[in-house]
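Protein chains: 4
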Amino acid sequence: MSKVLLTGFGPWGSEKYNPSAEIALGFNNVVIGGYRVVGVVLPVSYRRVISDLPEILVKIKPDIALHIGLAPKSCEVRVERVAINLMYSEKGDVDGFKPVDEPIVPGGPVAYFATLPTRRIVERLKEEGIPAVLSYSAGTFLCNCAMYVSLHTIAAQRLETISGFIHIPYIPQQAVGKSAPSMCLHLSRKAVEIAIKESIDYLKQRESSKNR
Amino acid sequence: MSKVLLTGFGPWGSEKYNPSAEIALGFNNVVIGGYRVVGVVLPVSYRRVISDLPEILVKIKPDIALHIGLAPKSCEVRVERVAINLMYSEKGDVDGFKPVDEPIVPGGPVAYFATLPTRRIVERLKEEGIPAVLSYSAGTFLCNCAMYVSLHTIAAQRLETISGFIHIPYIPQQAVGKSAPSMCLHLSRKAVEIAIKESIDYLKQRESSKNR
Amino acid sequence: MSKVLLTGFGPWGSEKYNPSAEIALGFNNVVIGGYRVVGVVLPVSYRRVISDLPEILVKIKPDIALHIGLAPKSCEVRVERVAINLMYSEKGDVDGFKPVDEPIVPGGPVAYFATLPTRRIVERLKEEGIPAVLSYSAGTFLCNCAMYVSLHTIAAQRLETISGFIHIPYIPQQAVGKSAPSMCLHLSRKAVEIAIKESIDYLKQRESSKNR
Amino acid sequence: MSKVLLTGFGPWGSEKYNPSAEIALGFNNVVIGGYRVVGVVLPVSYRRVISDLPEILVKIKPDIALHIGLAPKSCEVRVERVAINLMYSEKGDVDGFKPVDEPIVPGGPVAYFATLPTRRIVERLKEEGIPAVLSYSAGTFLCNCAMYVSLHTIAAQRLETISGFIHIPYIPQQAVGKSAPSMCLHLSRKAVEIAIKESIDYLKQRESSKNR
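Protein chains in written order, with my numbering: chain Y, 1 to 212; chain V, 213 to 424; chain F, 425 to 636; chain U, 637 to 848.
Excised from the complex, chain Y in its bound form:
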């Protein structure tokens, strides 16, 4: 059966709750458009994402890898287009690792573009009434790191997986007292489902155009 790897992130620092983890686990084993979702929660650890995510990808060999994470202060779903080979964190990850401008993969390419149909996903989200935007920077923390590691592993291992990253806003409860925008969990979850469906449609169209 065709597979979708859906990763979210666990808590870190002052963010004790991460909606991306709840969404990833909630879709685990769910079948969308004939594809089975494998939901995984990644730790907010550079080291472990770098070591574990390649193993997960090689083992599962998903058709689609959708990585999601939390974007505090964002008012909309952000579909990321670029992952860069750089780590920087002032506050550090859960291991206390505070890299300053280090490469994720020494000698790796400067950047990868997402291979998911990012523009189509954003158009579709907007049609469905979900505020969404294309983004050209996933930052320098774990979100960018997971996206880079995923795309690099796929390239290095010559997997056929299409991959990308989506940032979701705070849920309302998290935004209380922060004067920050938020989005209800059910809406972020629907956005993830739409992104998966659009990616499946894209794969099917690509397949059928090859066969013509």
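Check the hints yourself; a few may be wrong.
Unchecked claim - Here chain Y is said to cover these stretches of chain U; the calculated rule only asks that three of the stretch's residues, wherever they fall, bring their Cβ under 8 angstroms from a Cβ of chain Y: (1) 691 to 699; (2) 748 to 755.
As the list claims (entries may be wrong) - Listed next, the in silico DSS-like pairs over lysine-lysine satisfying Cα-Cα at most 30 angstroms (straight line): (3) Y/K73 to F/K602; (4) U/K826 to F/K602; (5) V/K338 to F/K602; (6) U/K826 to V/K228; (7) U/K833 to F/K602; (8) Y/K91 to F/K440; (9) V/K303 to Y/K16; (10) V/K422 to Y/K126; (11) F/K614 to F/K483; (12) F/K614 to Y/K16; (13) U/K840 to Y/K178; (14) U/K814 to V/K228; (15) Y/K91 to F/K497; (16) Y/K210 to Y/K178; (17) F/K550 to U/K727; (18) F/K515 to V/K285; (19) U/K826 to U/K734; (20) V/K390 to Y/K190; (21) Y/K126 to V/K409; (22) V/K390 to Y/K178; (23) U/K727 to F/K614; (24) V/K285 to F/K483; (25) F/K483 to V/K303; (26) V/K390 to F/K440.
Just so you know, these hints were derived from the structure itself, not from any lab.
Where a beta carbon is used, it is the ideal one built from N, C-alpha and C, also for glycine.
Start from chain Y and add chains V, F and U according to the hints.
Just chains V, F and U now, kept in the frame of chain Y:
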């Protein structure tokens, strides 16, 4: 039976949909904590709010008057504390009226404070996981006008009504393509219900402390 | 000689430098349009502003009272139109006083409108290339308090002073590391000078129209 | 004599004035730290930047190429770290060209990192009291295009030039009526001078460490 007047606003300008109208109508005839809600949609017209709202208040004599409206660009529920005796609108209302610094009530007081338990409402909303904040300006358009007219009518007619205004954000569909924050309608609706409940509790506590 | 009282504020909390103090002192004894400026720095203390500002006003009997203060996070000059009879501060003033919804003047009016020609000042600032906007809330901290005390004193003492408040942004040095907007001190200073000149012109026009 | 190529951009669309052009021309022929600045204004045209900028670089062979442009809505100097091989513009450039996700250089790398000492420049700007931040996306319009073309030309032609891009805010006059942040021209100009000086220091330190 005790009554709550709940007013929302109709559409205006480029905002073809106003969630405050849907919420006001949705609560019409609903009983909350033993109070019957009278839901009314006001037109986005200075003239008609100034002429009609006093009649509505005098006729219904509600215990509580909660006026709600849309605050584009807000990421949270804004509980207004102050209404000022001033009208200004560059784009104009639905009648094309574009007042420049005119008083709503010539000779009326500069301002009124809301008489709803505004701080309690905000505290309660936050406890319930709804982003909310006290606000000290309802602007100079219809929202401020309705709030001023309501409080002025209550003062002039010596009604016992407690009154105030709550701004709600865009719903997500409205925020699409605007890079603006939003809040799901069900959450704004819940915020309005909580504000009504807190106001009822406040009235009951005030009553019971009078009787002691 | 006609006089302008120009007040700024001293430092408070984490804001060790307050550009409003530097501007107020810088204009002290300067003559603008035939009016002598009396520059005074007020402490960020509710109690002392409430006790000292009325004495200053009664003693100096200025024709114009322009109060200025710092608005962190503002990107433009904010000309305030409304002062409300309310004190609230979570962090407290320099005396550690943390009022929760207390009146500045018990029994005083809910609010005063600025009596400076606020709209003219904003128009003029914009013509001169200085980003400026009318504002309808000066907050609930010392800026609002000084504005309220000034307007209330003038009303209670039947002074002929016209009065109002202008918020200025951070200077660039203060904004470093805060992702906050700022404005060069010389531009904020020019804004204050323009506000004084417009106020003088307004007084002269009012005088000459009376004499016609 | 060692050289610095400093490029700004001309006007486009509703932005009739571009401070980056004024700064680039203002530094033309100025000598900074023993390096002569060649100031050039690029047109806001994808086609012409792609055709002309490589010629300029090859002809001048500058030691340092600093490209600057306007970032509306930014409140601080943004030192860009990444240029991506992508063009997208909804409104189009001055030629009316509206690319949708086209590569700048077909077959070129996904991205280049700036080779200027970006972190040092930001640190230095902040020490000098100028709000500044590292940025990981220069957008998809001409600023990103010029940065990509510069870094790609340098790589392809094996030039020794170090290169990068700095975004500057609106000047105050441009921000009037837009509720947008701004920075005085003299401050943005000083930021550019500091960036050049830091880059020169970096080259000198690199040179002296090579010689050890």
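key: Structure-inconsistent hints, enumerated in ascending order   = 1, 6, 9, 10, 12, 13, 16, 19, 21, 23, 24, 25 and 26
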